[in-house]
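Participant: As a plain string of letters, each chain reads:
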Amino acid sequence: MHAKEFDSNAPVLDVKHLWVRYDSHTVLEDVSLRIGGPGEILGIIGPNGGGKTTLLKAVLGLIPISKGDISVFGLPPEKARAYIGYVPQYSKFDYDFPISVLEVVLTGRLKRAGLFRRYSKADKEAAMRALETVGMTDYKNSQIGELSGGQRQRVFIARALSNDPKFLLMDEPNTGLDTFMQDELYRILDELKKEMAIIVISHDIGAVSAHMDKIACMNRRLFFHDSKKMSRENFIAAYGCSVDLVTHGVPHRVLETHSYAHGADGSTCGCVTAPIILSDVLSDSLSGSSCNPKPEAADQSDCTEEAK
Amino acid sequence: MLDILDALQYTFIQRAILATILTSIACGVIGVYVVTKKMVFIAGGISHACFGGIGLSFFLGLNPLIGLLPFSILSAAALGFLSKKTKVSEDSAIGILWSLGVAVGVILIYLTPGFAPDLMTYLFGNILTVPASDIWLMAAIAVIILIVVALFYKEFLSMCFDEEYTRVVGVSSDKIYLLLLCLLALATVAMIKVVGIILIIAMLAIPASISRKFSHNMKVMMVYSSIIGAVLSLTGLALSYQFDLPSGATIILVMSAVYLLVVGISEVWKKVQRKNVDADFE
Numbered sequence: 001m002h003a004k005e006f007d008s009n010a011p012v013l014d015v016k017h018l019w020v021r022y023d024s025h026t027v028l029e030d031v032s033l034r035i036g037g038p039g040e041i042l043g044i045i046g047p048n049g050g051g052k053t054t055l056l057k058a059v060l061g062l063i064p065i066s067k068g069d070i071s072v073f074g075l076p077p078e079k080a081r082a083y084i085g086y087v088p089q090y091s092k093f094d095y096d097f098p099i100s101v102l103e104v105v106l107t108g109r110l111k112r113a114g115l116f117r118r119y120s121k122a123d124k125e126a127a128m129r130a131l132e133t134v135g136m137t138d139y140k141n142s143q144i145g146e147l148s149g150g151q152r153q154r155v156f157i158a159r160a161l162s163n164d165p166k167f168l169l170m171d172e173p174n175t176g177l178d179t180f181m182q183d184e185l186y187r188i189l190d191e192l193k194k195e196m197a198i199i200v201i202s203h204d205i206g207a208v209s210a211h212m213d214k215i216a217c218m219n220r221r222l223f224f225h226d227s228k229k230m231s232r233e234n235f236i237a238a239y240g241c242s243v244d245l246v247t248h249g250v251p252h253r254v255l256e257t258h259s260y261a262h263g264a265d266g267s268t269c270g271c272v273t274a275p276i277i278l279s280d281v282l283s284d285s286l287s288g289s290s291c292n293p294k295p296e297a298a299d300q301s302d303c304t305e306e307a308k
Numbered sequence: 001m002l003d004i005l006d007a008l009q010y011t012f013i014q015r016a017i018l019a020t021i022l023t024s025i026a027c028g029v030i031g032v033y034v035v036t037k038k039m040v041f042i043a044g045g046i047s048h049a050c051f052g053g054i055g056l057s058f059f060l061g062l063n064p065l066i067g068l069l070p071f072s073i074l075s076a077a078a079l080g081f082l083s084k085k086t087k088v089s090e091d092s093a094i095g096i097l098w099s100l101g102v103a104v105g106v107i108l109i110y111l112t113p114g115f116a117p118d119l120m121t122y123l124f125g126n127i128l129t130v131p132a133s134d135i136w137l138m139a140a141i142a143v144i145i146l147i148v149v150a151l152f153y154k155e156f157l158s159m160c161f162d163e164e165y166t167r168v169v170g171v172s173s174d175k176i177y178l179l180l181l182c183l184l185a186l187a188t189v190a191m192i193k194v195v196g197i198i199l200i201i202a203m204l205a206i207p208a209s210i211s212r213k214f215s216h217n218m219k220v221m222m223v224y225s226s227i228i229g230a231v232l233s234l235t236g237l238a239l240s241y242q243f244d245l246p247s248g249a250t251i252i253l254v255m256s257a258v259y260l261l262v263v264g265i266s267e268v269w270k271k272v273q274r275k276n277v278d279a280d281f282e
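Sequence order for the protein chains is U and S. Read left to right, the first sequence gives residues 1 to 308 (the working numbering). Read left to right, the second sequence gives residues 1 to 282 (the working numbering).
Because the hints were derived from the structure by calculation, they are not lab data. C-beta atoms are modelled at their ideal positions from N, C-alpha and C, and glycine is treated no differently. Just so you know, nobody snuck in bad clues.
Lysine-lysine pairs mimicking DSSO-like chemistry, simulated, CA-CA at most 27 Å apart: (1) S/Lys85 with U/Lys57; (2) S/Lys219 with U/Lys111; (3) U/Lys67 with S/Lys87.
Distance ranges between label pairs, derived from CB positions: (4) U/Asn48 with S/Asn63: 49 to 59 Å; (5) U/Asn48 with S/Glu163: 21 to 31 Å; (6) U/Ser24 with S/Lys270: 43 to 53 Å; (7) S/Leu146 with U/Asp96: 24 to 34 Å.
Using the sequences and the hints, build the whole thing.
Facilitator: Right under this line is the structure:
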């Protein structure tokens, strides 16, 4: 089923009917996802515990899958790791650890450098290039704990880039970043997407949606869409809870209401929420979208929290 | 002071000094990993499990260090396996191994005919009774540790900082971790004669913790922590000779006192700096 070697013509990612179960608990249910080539950022959004991180880890071959198939550049995940860059969730490190920024970025080339060898000049040059891409060359000798949250995030992006990946996976890159730094992050990603396919996952739809080329919703199942069109049903199906669509304004806005609720009518919302352009919500729902809304979810308007 | 200078001419004192320096190098290097990877209690688990090895050696009538070596490596491997490949949590595995090793040791020593005279040596260390063969073993252990750390330096650094990412780039962090545990087991064997099973944890943790206050570079920390370990151990040894106290316990007391002093000074220093910043604002 898988090719033996890296095939640049093979789709970047091809996930077919993937199931992941932990003990008796199903985390991913019949997930299919295909990314043809570079040039786009796919945003996967969904509530916490919806299986987003599990999907990324399955793509990296870090966890066993129960059913289905994953191929990355035509290879099984474990073999494709050399072509994947991964930016993990930001919160889980020991920032007191005695390691410099350059050393962190070099660990991205650990395998390539080979056993029993020091990092070569080429490794160091690649690491410096990666640091340059994210604008962190001045900090190469800083200890990782001395940096701010946004700077650290950029260092972890540089670590992922140091190995010249063709496919970049990012887990909640917005965590700990303020709006300004998020814009900076997406400016970097916009450059990078010319050369590689990118998946960004986040529980915060407002933060990611404006910068994504495609969006998929994830809550155990994946609802994948080829455009930014989001129908009410997609959100309801993914979040299991109704979503407010602010209609008749241009652009249309979607404010998801789950636990990240804004005002029910949206108009009173004072926070910066990136608008999602909806081409036409109504026609989308009428033409029958690809996913089936859970009928009971539509009634759950009571889970809408009131605006402050 | 003259007592100590006089003492230098005795072979057993010379050996003790050599043993202290060799051990300080071994545990200075490994201690940095133990402290940064937060595996101090894993070290405790391995060292206590070694008591089973001592019991086995007494039972079979062997040199205790010969029984120790396989036992400590085996317990390190068991610990790594239990915590990485099964669902047993690491701290449970440590606790079980800790008690199991001691229990096995106690039973085997109980079953050994006659009295086990130098049991205290292994529990609390007695560096003044180190035979020449043990010095060679300690030297071998120090050399092995230095070579393996030099060869796997970047793998150890990456694994200690971020196990998952190490796996992502395609290096088995479980195997690297297991290798580190084996080195830790070797360092433990070297230290048993110096400070004994019960006091090993402090000797691993204190020099490395002090070195952390002075550097954020792992290699530099290893050099500092080896030097700090050697200086403090030799100070402890001298004091124990001067005041006729048990050597292992005295070494640990000296280390702990210096550690508290360093922590105290660095806290005061931070406060002074903070005050200076406040003053600048006003």
